[in-house]
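> As given, the protein sequences belong to chains A and B, one line each in that order.
Per the numbering used here, the very first residue in the first sequence carries number 437; after that it's consecutive.
Per the numbering used here, the very first residue in the second sequence carries number 437; after that it's consecutive.
Hints are not guaranteed to be accurate.
Put simply, identical chains are the same to the list, so a pair is met inside one copy or across any two.
Derived pair list, reagent style DSBU-like, types lysine-lysine, alpha-carbon separation capped at 30 Å [what the hints assert, rightly or not]: (1) K907 x K508; (2) K508 x K542; (3) K748 x K877; (4) K508 x K680; (5) K577 x K877.
I should point out that these hints are in silico values taken from the structure, not numbers from a laboratory.
There are 2 protein chains.
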Amino acid sequence: MRKQNLPISAVLLLTLFTTATAADKAPAFARSDLTAAATLRERALEDPTAYQLIESLTTEVGPRPAGSPGDKAAVAWAVREMTRLGFANVHTVEAMVPHWIRGEAKFAVLAPYPQSMPTLALGGSIGTGSEGIDADAVMVKDLEALAALPAGAVKDKIVFFSNRMDRTRDGSGYGKAVAVRAAGPSAAAALGAVGIVIRSVSTSNHRFPHTGALRYSATAPRIPALAISNPDADALVRQFASGKPVRLHLDSSSRDLPQMRSANVVGEIAGTDRADEIVILGAHLDSWDPGVGALDDGAGVAIMMGAAKLIKELDARPRRTIRVVLFANEEFGTSGSLAYVAANETNAPRHVLGFEADFGAGPVWRLSSRVNPAQLSAVDAIFRALAPLKLVRGNNEARGGADLEGLVLRGMPILEPGLDGTNYFDVHHTANDTLAQVDPKALQQSVAAFAASVWLGAQYSGTWERVAEPKAPRR
Amino acid sequence: MRKQNLPISAVLLLTLFTTATAADKAPAFARSDLTAAATLRERALEDPTAYQLIESLTTEVGPRPAGSPGDKAAVAWAVREMTRLGFANVHTVEAMVPHWIRGEAKFAVLAPYPQSMPTLALGGSIGTGSEGIDADAVMVKDLEALAALPAGAVKDKIVFFSNRMDRTRDGSGYGKAVAVRAAGPSAAAALGAVGIVIRSVSTSNHRFPHTGALRYSATAPRIPALAISNPDADALVRQFASGKPVRLHLDSSSRDLPQMRSANVVGEIAGTDRADEIVILGAHLDSWDPGVGALDDGAGVAIMMGAAKLIKELDARPRRTIRVVLFANEEFGTSGSLAYVAANETNAPRHVLGFEADFGAGPVWRLSSRVNPAQLSAVDAIFRALAPLKLVRGNNEARGGADLEGLVLRGMPILEPGLDGTNYFDVHHTANDTLAQVDPKALQQSVAAFAASVWLGAQYSGTWERVAEPKAPRR
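Make the full structure from the sequences, and use the hints.
Written as structure tokens, this is what we have:
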């Protein structure tokens, strides 16, 4: 090709490339490493492994909430599959997990217009006793509206939280809306309420209630908490809009059993000259029980295992050790993550770079990071290596996910190939979290983004320096 | 506008119009009637009445299966709303209806990979007894595959019917797939099976099982019958694909209670010079119980009431009487329709033209008919009057729906504004049949199509002659 015929975009790219490499003393990545990254990217787009892993996990194990028989089966499944894929140093790290039993839940409007509606107890909710609870109801939008009510307004009543979450690509709508699920029960109980029902923290118009963990405070009575789907929440809003008193019935046989033993499952691609440095790939093995955890977090498990498998199949070995950790019990207090950090307290500084996949089955749309600013040019180079995947360049304010929080707070840098969450909250924490919701092509694209960026993270010629002002992930 | 500037399409339209009117002795419709049809069409596209009716029916009544408290409440609702809208001669026609109790159903795979899956009993199924049924399972695609098995193959077993229905605009995929639901239980029982589970007769990839009536034959034992959603049927197919024996657990407390009294609800827009002739608008008031019957058949109820209400608000009165009949118990043997025909045996010939809406909330995409060929030019003229709604001209082989079958078999012509069924079977007969599935704009377009065609059907200057060779609706 003659130079004068180069399109402007190519000239710009060349310029950028020259500028970036010129800015470093040595190139961040050897040419052979960039070639291998391209190979990983291309192979990932054709590789069925990740989809097959979700298929296997959801078919053979299915629901796997903390403490359940499925939890135990999932640990055995992960050890078996990591071994089958040829990972090194496959082992488990014990973790204690809660053992909450969902039981059966029923929700009905008794007045003005009697109707039953599908419901799910929030994770950790106490039951109602066999009689259930009948009480008049008060509708409020959110915690702020509850706090603004006059004294005594919800005493002996059931509080209905009506706020609807916003659909966003980055999941920020969830962070804003989920407060009522976590803190709503105790906030209402502190004001004398006898139970709560929330509009599901969900973007779906289908009739699936959405579960997820609540957090009782130590200072308020524990009261039962249920969720109803968006269409039913809309119908309940219309019942309130009639102006007539609304009376509700809650019934739940939820209960707690003693804690159980579970385990994080670990497997590695051993490093070479920098084997002591660990690039950690986190996802979680547990799921909520109404669905089979295909998206949450079967997809994350599969993306990480699928990416590591492709790296293992390269002719070259990674410089740093790539460690896949499938955490126990993310959903109910991250006790798996806490156990991992406790078991690795002295090893924490060896975790030089973290990746987490806990946001569905893709595609990846953005590359964000939280690294020491001295390594931002390396992140830029990784971003360029992912160019055919058409990502957006995010900022350096990534927070990571719940399972890496302990390591992030100890200064570990993170790279965040951002999974597209636009439709994630249609499915997350519902019975509808099944294999049918996984788009195989989006999943392959996600594996491509993770495999190439993990590989380059492991090959980086410089040092992944610690982050000076770590911030906890948003919840 | 100068004539030489008319676009070709306008010239063609003028030509068509001239040709059609020239072919008749007298015009099928007075110019004022065509003007009123255009008014109806335009007003319908802005009218909130139909949506408000679905909202009211689903909020204040909700599920209304035959014999339930909701059934009774729906009859009272319909009488109230027809009266409020100013319909004439509002009255009920008593009908006896079955009273089947769904109870609770559970479905689980016991082996090779234990998992529970959401399920619904098929309408009319017997229960399993409190112990449930555990048995090995045989997978077959459909009734033909069952019949082709060697003798004894399903004896003491549970039969799983795995066939998936096709998505079509006209609903033809349903007719092909529904045979296993209606006839599967007795076909399997006749071969010694102890229960069946079917892949839902549904196009949805969401995790909603689909109910609907079965028909036990008189000659086979009655066995329990459940349905599971498409994602779960896929998972069960994968369990069979493992090559290991599949063992299932069915549990259902379904049971029959004695028949109840219900009623068809009737209201009219009185005719003028041809008041003895009835244009009947049929929809059904009952629904299945898992959802709230927004699409099936709240939408049909609302389209018919909304169309009649707009006609009532015209300055002109219709020549023929327009009679809206909201039938009891379409879902479970059409006993409401049978009672209506029995009560109107001598009046059957007065029903000169029929419309039925029982296929969701639109839009209308086609105009079909089954009229005496002598009236086809009138149907063509009605089609032209609907041109701004952009319909396709269907053939003269329309079959009508279940509720008009008795009248159709007695020679009543039908006009069929065809509701678009592409997504209907994602929702139909599931818990997800809620107001959130109704598109207000598609609903208004449907009311426009029905209102204009009903009006013109009532104004037709000729005679709606009987159909010589009536055919029963497809089931």
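> Take the hints in turn and mark each one as holding or not.
For each hint, the structure was consulted:
Taking the closest pair of Cα atoms, K907 and K508 never come within 30 Å of each other, the shortest separation being 33 Å inside a single copy and 59 Å across copies. For the identical chains of this complex, K508 and K542 are neighbours both inside a copy (29 Å) and across copies (23 Å), given an alpha-carbon limit of 30 Å. In the homo-oligomer, the alpha carbons of K748 and K877 lie at most 30 Å apart inside one protomer (22 Å), although the nearest pairing across protomers, at 54 Å, exceeds that limit. In the homo-oligomer, the alpha carbons of K508 and K680 lie at most 30 Å apart only across protomers (22 Å), although the nearest pairing inside one protomer, at 49 Å, exceeds that limit.
Taking the closest pair of Cα atoms, K577 and K877 come within 30 Å of each other only across two copies (29 Å); inside a single copy the shortest separation is 39 Å, beyond that limit.
Violation of the numbered hints given earlier is confined to hint 1; every other hint is satisfied by the structure.
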